[in-house]
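Top line first, the protein sequences correspond to chains H and R.
Following the UniProt record's numbering, the residues of the first sequence are numbered contiguously, the last one being 495.
Following the UniProt record's numbering, the residues of the second sequence are numbered contiguously, the last one being 339.
Selected chain H positions facing chain R (Cβ under 10 Å, derived; list incomplete): (1) Thr79; (2) Leu90; (3) Gly107; (4) Glu116; (5) Gly126; (6) Arg128; (7) Gly165; (8) Thr409.
By construction, these hints were calculated from the structure, which means they are not laboratory data.
Positions of the beta carbon are idealized from the N, C-alpha and C atoms, including for glycine.
Chain residues, written in single-letter form:
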Amino acid sequence: MMTATDVLANAPAQLLPARELMAFTLASHIMLVPFGVALPFITLLMHYRGLRKADPAALLLARRWSAVMAVQFAVGIITGTVLSFEFGLLWPGMMGRWGDVFGLGFGVEAWAFFLEAILIAIYLYGWRRLKPWTHFWLGVPLPLTALLGAFGIIAANSWMNTPQGFALDSTGNPVNVDVRSAVFTPMFGPEYWHFVVAMFLTAGYVVAGVYAVGWLRGRRDRYHRLGFCVPFTVAAILTPVQFMVGDATARAVFHKQPVKFAAMEIVWNTDTHVPEYMFGRLQEDGSIKGGLKIPQLDSILAGFSPSTQVTGLTSVAASDRPTTTQATIAHWAFDIMVTIAGLLILLALWYGWCWLRRRDLPRSRWFFRCAAVAGAASLLTVECGWITTEVGRQPWIVYQNMRVSDAVTPTHATSLWTMFGIVVVVYVLVFGAFLGVVLAMRRRWRLADVGFAHPLGGAPETDTPYGPRPELTTAGPKPAPPAEPGTGRAPGGPE
Amino acid sequence: MTADIVAWVLLLAVVAYACGGGVDYGAGFWDLLAGGADRGKRPRWLIDHAMAPVWEVNNVWLIFVLVIMWTGFPVFFQTVFTALWLPLALAAVGLVLRGAGFALRKPTRRLSERRIYGAVFAVSSLLTPFFLGAAVGAVASGRVAPGTTASADVWASTTSVLAGLLTVAATAFLGATFLTVDASRFDAPDLVGYFRLRVWVSLAVLGALALIGLAVTHQHTSHVYQGLTHGIGLVLVIVAAVAAAATGGLVAGPAAGWARYTSVASVALVVAAWGLAMRPYLVPTSLTVQEAAGADATLQWLMIVSLVALVLIGPALVMLYRLDTHGVLEPLTDKDIEE
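So here's chain H without its partners, still in its complex pose (with noise of 0.2 Å):
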C-alpha cells in the first residue's frame, strides 16, 4: 500500500504549479460568479419595484447596481476566459481524452453566456433611450441565462465528480458516448440547485451588507432601506432553503462518492455508529487530533439512523484516495461552510421575527453588525463549498477515471511557475483595481447624496462610463476642450 509521501513523490513536477495556478484563479473567479449569476436578478427587482410604485429612491438603486454590474461583469468575463484556456494549458490531458464526452455542457454554458453578455450590454446601456418598461423586460430574461449558464458550468463539474455516459474501450479510451446520461449524472442535481441558491444567497447578503454598513452610520433614509432590504430579503428566504438543500447534497455525495464523504467527515475507517467531528485533524495513523466530538452523529446525519454504515478512507488504497492532508482541507472548507450556514440561519430567523410581528426592521446594532459581516461570510462559504468539493475528489481529475496527474501538461514546471507568478501578480493587480474602482464609485454616490455633487466639467476624471459626454449632445465638429490643469482630480470629487 503506498503511503501519502510515495503518491507525492511519484507525481510529476509540474503537477503542484499547474493545480495551485488553477486552485488561485478559479478561486478568483469563483468570487465573482455571484454576481454575475445574481445581481442581475436582485437589480431587476429593484427596477421592477422603481417603475412599479414610481419610486425615485428604488431607480437609484437599481441604475448603480447596474453600474456595478457593468464593471464586475467584465472583470468576470476575463478570469472566466483565462479558466477556458487553463483547461488547455494545464490539464490538456483530460480535454483530450474527456472533452467528447463532457464537454458539452461547456457548450450550452457558451452560448448562455453569450446571450447574457448581450442581454446586459442591452440592459446597461439601455437606461436611457429606451422606453422604460421595453429595457426592463429585455432585462428580463438575464436571470434565465445565468441560471442557464450555471447549468452547463456544473453539468461539467458533477461530471467530474460521477462520470457517466460512456464505455471504455481496452485501450482505455471512451467509446459509446451517450450525451444525455453524461449532461445528468448523479451528482448534478444536488450540486447545480446547491450553487445556483449558494450564488443568489451570496450576492443578497453581499449588496445587503453595503447598505447595513451605511445604516449603522446613520444613513437611515428610504434608500438605505430600501437598498438593505430588498436583497437582504432575498438572502434571507434563500438561506433555510439552501440549509435543507445542502444537507441533501451532502447525502446525496454520501451515496455517489463515499470516498469524498469520507474525506468531509475525515472518517477513517468503514463503520456503523461513527462519531461526528467539528473540524479536528486527520493524523496518518487514522486517528484525528483537535476538533470537537459528538458522538454517534455522523452515521445519524448520513442515514437517520446510528447503525447507518459510513465509508472510510481505508476503504480504497491510499492512491486511490485523498491524503491525510487534503482530507483535513476538505473537512475544514465543509465545517466552515456548515458552521456559517447555521449562523446565517439564526440571522435570517431573527430578520423574519422582527418583520412578522412589527413589520419593521430589527433596532439592534447587532443585528447590522451581522448582516454587514455577512456578505463576506457567504462569500466565504462558495469557497469553501469549492474547496469541498474539488479537494475531496483527489487525487482524482475524472473520480475513479483519470487522476489529475496524468491530466496535467507536459510543459516543464519551471514555465508554470513563472506563469503562475505572473498571474498572481496581475489578479492582484486586477482585483485590487476592481475594488478600487467600486468603492471609489461608491465614495462618489455618497458625496452627491449629501448634496457635494462636483461640478460638472469635460475633465477626463469626471469622463466615466456613466459619465457626461457633453460631445455626444452637441452636433457638429467639436473644438478640442481646455487643457486641464493638472490637479488629477475633480474639485470636490473623492478623497
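Given the coordinates of chain H, work out where chain R should sit on it, guided by the hints.
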C-alpha cells in the same frame, strides 16, 4: 460527415471572432497609437464610445471557439494547447490585462490612473492578437503535431511571426474602418479623416505583409500555401483582396457605411480560405478532421447546440448591433446615478 459540419461550425466561429474581436483589437491598437493625453483625447473618446456596448460580446466568440475545439475535436485541442503553450499563455495574460484595462479605465477619474489602465489596454490589444495569430501560423506551418511538446521551435518561425503581424495588421484595418464609420455616426468629421488615413495605411501594410508572407513562407507551409494559391482558395483570396481594396475606396466616398461590410468580408474570406486550404487536416499534415473528431453522439449534439445558439443568439446579436448603430445604447450619465 458530422465531423466535417462541426469543423465548418468551428471555422465560422473563428471567422466571427476574427471579425468581431478583430474590430475590437483594432480599436485598441489605434488607442495605443493615438498619442499623449491631449493629442489622443478625441480619438480615444471615439474608441471608448464606439467599443463600450459591444466589446464584451465581440470577445465571447473566443470562448465558443475553445468550447467547440475541445468538445468536437478533443485531440486537436490537446495538441494545440500542449505544443503552443507559451504563445497561448501569453495571449491569455493579454486578454486579462486588456479587458481589465478597458473596463477599469471608464469609471476611473484620475488622469494618472486612466493613463495606466489605458496603456495596459492598448499594449495588450497589440500583443494578444499577435500571439493568437502566431499560434495559428504555427498550426498552419505543420510544426505542431500530436505529441509535440512546447518549445520555442514550434512557434518562433517566420510563418508564425508573419501570421502574428498579419493578424495585428488585419485588426488595425478592421478597427480603423469601423472607427471611420463611427466617427461620422457620432458627428465628428475631423475623426473621419483621421481614421480614413489609418485605413489606408493599414491596408498598405496588410498588402505588403501578405506579399512578403506569400514569398517567404511557401516552403514551410506547403500544404496551406498550395490551398491558398489554387482553386477555390485562390478565388476566395482574390475576392478578399478586391473587398479590401473596395474598403479603401468606400471610406473616401459618400457610402462609407458599406466599408464595414467589405472590410469584414475581406477578413472573413481570408480566414475561410485558410480553413479551406487546411482541408482535410486540422493540423497539416498530421491530424485530419476525421482523426481528431470526438464521439459521433457528441458531435450531433454539438450541432443541435450550435443550431439553438444560432436561433437564440442571432436575433439578439442583430438587435444589439442595430440598437448600437442607431444610437439607442448610451451610457448613463453621472446625473443619472448621482441623484
